[in-house]
Amino acid sequence: MPTPSAELVRGLVARDPRVFRVVYEQYRARLYSFLLRLTGDEPLARDLSQETWLRLSANASRLLPDTQLGAWLFTVARNLYVSHRRWSFLSRARLRDLRFWSDAHTSPASPASELLSAHRAEQALSRALLAVPTEQREVVLLVSVEGFSTLEVARMLDLEHATVRKRLSRARAALKRAMSTEEEL
Amino acid sequence: MTTRPAFDDEPGARDPLDRALATLSVVDLDPLVARAHYVAAEARLTRTRVLSTRYERREPGLLLGLAGLHLAWALVRVFAS
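The listed protein sequences derive, respectively, from chains A and B. Take the position in the first sequence, starting the count at 1, then add 3; the result is the number in this note's numbering. Take the position in the second sequence, starting the count at 1, then add 35; the result is the number in this note's numbering.
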């Protein structure tokens, strides 16, 4: 049975390595899976996962007693990805301006969907997830895969509740369309 | 007249899409990578703790030293006048 979040937070604030290990074991795979599905890029997911854990160890003593650890970790991981995208977009835009980059360089389908599952149906769903716009994908991953409520996700992503619901609705519609196309093929 | 919800967004256990999403496999890091990440993060945690403990230990000494200097300076001024 997982240790309650408040107890773990107390241990982390005291910088207890045993508690850090428990948290790492409890969230490592979930966090990495989330990043893998969010980024569709294995090395990037690995790097962002490591950075998230380093952020936790650096900020452990500053955690508030009512911190929801799961929400904290997933928010940091997501924000790191947003930040990465911003920087990579800027550098790509600069390269394009300097005519060193053309959109033909963009890699097509990512192999992450195959890494995510050996089952055909799951692979199809993972591919469909990667085709959904990032803003919608992060919401559907947090709500439907990770089990956060739409209200929690609104707080985590600093969005209006209605915006989260709208993105979730659109993502689910897109996934349903993609899955029915897969079935027809 | 029935009222429709604003968005079709409430994940339901009976919906095959929600069932499929909720049961997606959890993928773990390669054990060696996971270990390396853990060691790096734990080292940062422990290093911060050591530095913090040292700082806390030095802090009272530093305050006493400053207080001593102030006292000495006050005594010098008293005797000089």
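Incorrect hints may have been included.
Away from chain B, derived, C-beta distances all over 12 angstroms, residues of chain A [claimed, not checked]: (1) Asp19; (2) Arg24; (3) Glu28; (4) Ala48; (5) Gln53; (6) Ser86; (7) Trp90.
Some chain B residues judged to face chain A by a derived CB distance under 7 angstroms, without partners named [claimed, not checked]: (8) Asp53; (9) Leu59; (10) Asp63; (11) Leu64; (12) Pro66; (13) Leu67; (14) Tyr73; (15) Val74; (16) Ala76; (17) Glu77; (18) Val111; (19) Arg112; (20) Val113.
In case anyone wonders, no lab produced these hints; they're calculated from the structure. Nothing here was measured: the structure is a model prediction, and the numbers come from that model. Note that the Cβ used here is the ideal one computed from N, Cα and C, for glycine as well.
Outcome of the hint check:
1. The Cβ of A:Asp19 sits about 9 angstroms from the closest Cβ of chain B, inside the 12 angstroms cut-off, so the non-interface label is violated.
2. Not every beta carbon of chain B lies more than 12 angstroms from that of A:Arg24, the smallest distance being close to 7 angstroms; the non-interface claim is violated.
3. For A:Glu28, the condition that its CB be more than 12 angstroms from all CB atoms of chain B is violated, with the nearest at approximately 9 angstroms.
4. The claim that A:Ala48 lies off the interface is violated: its Cβ sits roughly 9 angstroms from the closest Cβ of chain B, which falls inside the 12 angstroms cut-off.
5. A:Gln53, annotated as away from the interface, has a beta carbon of chain B within 12 angstroms; the closest lies near 5 angstroms.
6. Against chain B, the non-interface label of A:Ser86 holds: every CB pair exceeds 12 angstroms, the least being about 19 angstroms.
7. For A:Trp90, the requirement that its beta carbon stay farther than 12 angstroms from each beta carbon of chain B is met, with the minimum near 22 angstroms.
8. The beta carbon of B:Asp53 comes within 6 angstroms of a beta carbon in chain A, closer than 7 angstroms, and the hint placing it at the interface holds.
9. At its closest, the beta carbon of B:Leu59 sits 6 angstroms from a beta carbon of chain A; the interface hint therefore holds under the 7 angstroms criterion.
10. For B:Asp63, the interface hint holds, the least distance from its beta-carbon to any beta-carbon of chain A being 4 angstroms, beneath 7 angstroms.
11. Given the 7 angstroms rule on beta carbons, the hint for B:Leu64 holds: about 5 angstroms separates it from the nearest Cβ of chain A.
12. The closest approach between the C-beta of B:Pro66 and any C-beta of chain A is roughly 11 angstroms, which is over the 7 angstroms cut-off, so the hint fails.
13. This hint is violated: B:Leu67 has a C-beta 11 angstroms from the nearest C-beta of chain A, more than the 7 angstroms allowed.
14. The interface hint given for B:Tyr73 holds, since its Cβ lies 6 angstroms from the closest Cβ of chain A, which is under the 7 angstroms cut-off.
15. For B:Val74, the interface hint is violated, the least distance from its beta-carbon to any beta-carbon of chain A being 10 angstroms, above 7 angstroms.
16. Because the beta carbon of B:Ala76 sits about 4 angstroms from the nearest beta carbon in chain A, less than 7 angstroms, this interface hint is met.
17. A least Cβ separation of about 6 angstroms between B:Glu77 and chain A falls short of the 7 angstroms threshold, and the interface hint therefore holds.
18. Among the interface hints, the one on B:Val111 is violated; its C-beta lies about 42 angstroms from the nearest C-beta in chain A, farther than the 7 angstroms criterion.
19. The beta carbon of B:Arg112 comes no nearer than 42 angstroms to any beta carbon in chain A, farther than 7 angstroms, and the hint placing it at the interface is violated.
20. For the restraint placing B:Val113 at the interface with chain A, the shortest Cβ-Cβ distance is roughly 44 angstroms, beyond the 7 angstroms limit, so the hint is violated.
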